[in-house]
Amino acid sequence: MGDEKVVQVKSEYDIVVARSVVRAIAKDMGFGLVDQTRIATAVSELARNIVMHAGEGVILVREILKGETWGIEILAIDNGPGISDIKLALSDGYSTKGSLGVGLGGAKRLMDEFEMESAPGQGTTIRVRKWLPK
Amino acid sequence: MKEIDYEQIPILKIGDFLVTSIQIPLHDKLAVKFQQDLLQKIEKTKAKGLIVDITAIDVVDSFITRILVEIAKMAGLMGVKTVLVGLRPEIAITLVEFGMELGGIKTALDLESALSLLRRCVDEADGSDG
Ligand SMILES: Nc1ncnc2c1ncn2[C@@H]1O[C@H](COP(=O)(O)OP(=O)(O)O)[C@@H](O)[C@H]1O
Ligand SMILES: [Mg+2]
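Those protein sequences? They're chains A and B, same order as listed. As numbered in the working numbering, residues 1 to 134 make up the first sequence, in order. As numbered in the working numbering, residues 135 to 264 make up the second sequence, in order.
Because the hints were derived from the structure by calculation, they are not lab data. Here a beta-carbon is modelled for each residue, glycine too, at the ideal position from N, C-alpha and C. A portion of the hints provided could be inaccurate.
[To be verified] Pairwise CB distance ranges, derived in the manner of DEER restraints:
(1) Ser95/A <-> Met212/B: 25 to 31 Å
(2) Glu4/A <-> Lys180/B: 54 to 60 Å
(3) Leu65/A <-> Glu246/B: 17 to 23 Å
(4) Leu132/A <-> Asp150/B: 48 to 54 Å
(5) Pro144/B <-> Thr96/A: 45 to 51 Å
(6) Trp131/A <-> Asp150/B: 48 to 54 Å
(7) Leu33/A <-> Gly233/B: 16 to 22 Å
(8) Ser99/A <-> Asp244/B: 30 to 36 Å
(9) Thr96/A <-> Gly233/B: 39 to 45 Å
(10) Thr96/A <-> Leu243/B: 24 to 30 Å
If we strip away everything but chain A, and leave its shape as in the complex, we get (with noise of 0.2 Å):
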């Protein structure tokens, strides 16, 4: 473990930041190509949101154990205007900005785990999980 990374996410550019840094911790601990691809497209998902809805915040990753199964741990954390309606929120096709709104459903698909706590008012907490074959 110990292995733990914080990512400011200010701009379009620390997307493109947050995913490299997920992208080479997940290779780093054994994820194959197609696993780190799933990851990194949830968090270009996930930085993005923070750029586009809160305007700023951070993502943080790390590795977790659980039992005998390591995994990666991706958290984003900004206090932006939150979310009152978690699961319209989620669903596909919704958005208050006119993108396509698949965003949170498809980051939510293409991970093992994935809590979403917010509130208007109250910024943003979403934390993914993905943990590694044996």
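Let chain A serve as the given structure and place chain B with the ligands on it in line with the hints.
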């Protein structure tokens, strides 16, 4: 990373077709400029086909998907067929699981097959015009 304004995506002409390769991460402004450049080039060259090489792209998220789909749509409105080249297998798998569609854009494994695919499309179109 700082914004640099000499960023641009070259668009080449090969016969009746335009070929472009996305080698740098797209961001909003660059994507808009790229779309405009492409449209201008299509108009100026009267190209009949467009090949977009995405070999260098390692993540196709909803943002890039939207741009690619928009480009193909705009080109289509100008009578230009778009073919994607270099979509990596791991990206294809991710797209399917993500649940994103490339809006029916044709894909080819390499530049050569993209060119012959476009040639066939153009020949068919010319033939049916009489
Ligand atoms: N970090 C966030 N802060 C505030 N709202 C968010 C955040 N992430 C997502 N949302 C809300 O959830 C909606 C759906 O998000 P998403 O599925 O990524 O689609 P899109 O980003 O294309 O709008 C967004 O339109 C926005 O209203
Ligand atoms: Mg989004």
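Index of numbered hints that the structure contradicts, given in increasing order: 3, 5, 9, 10
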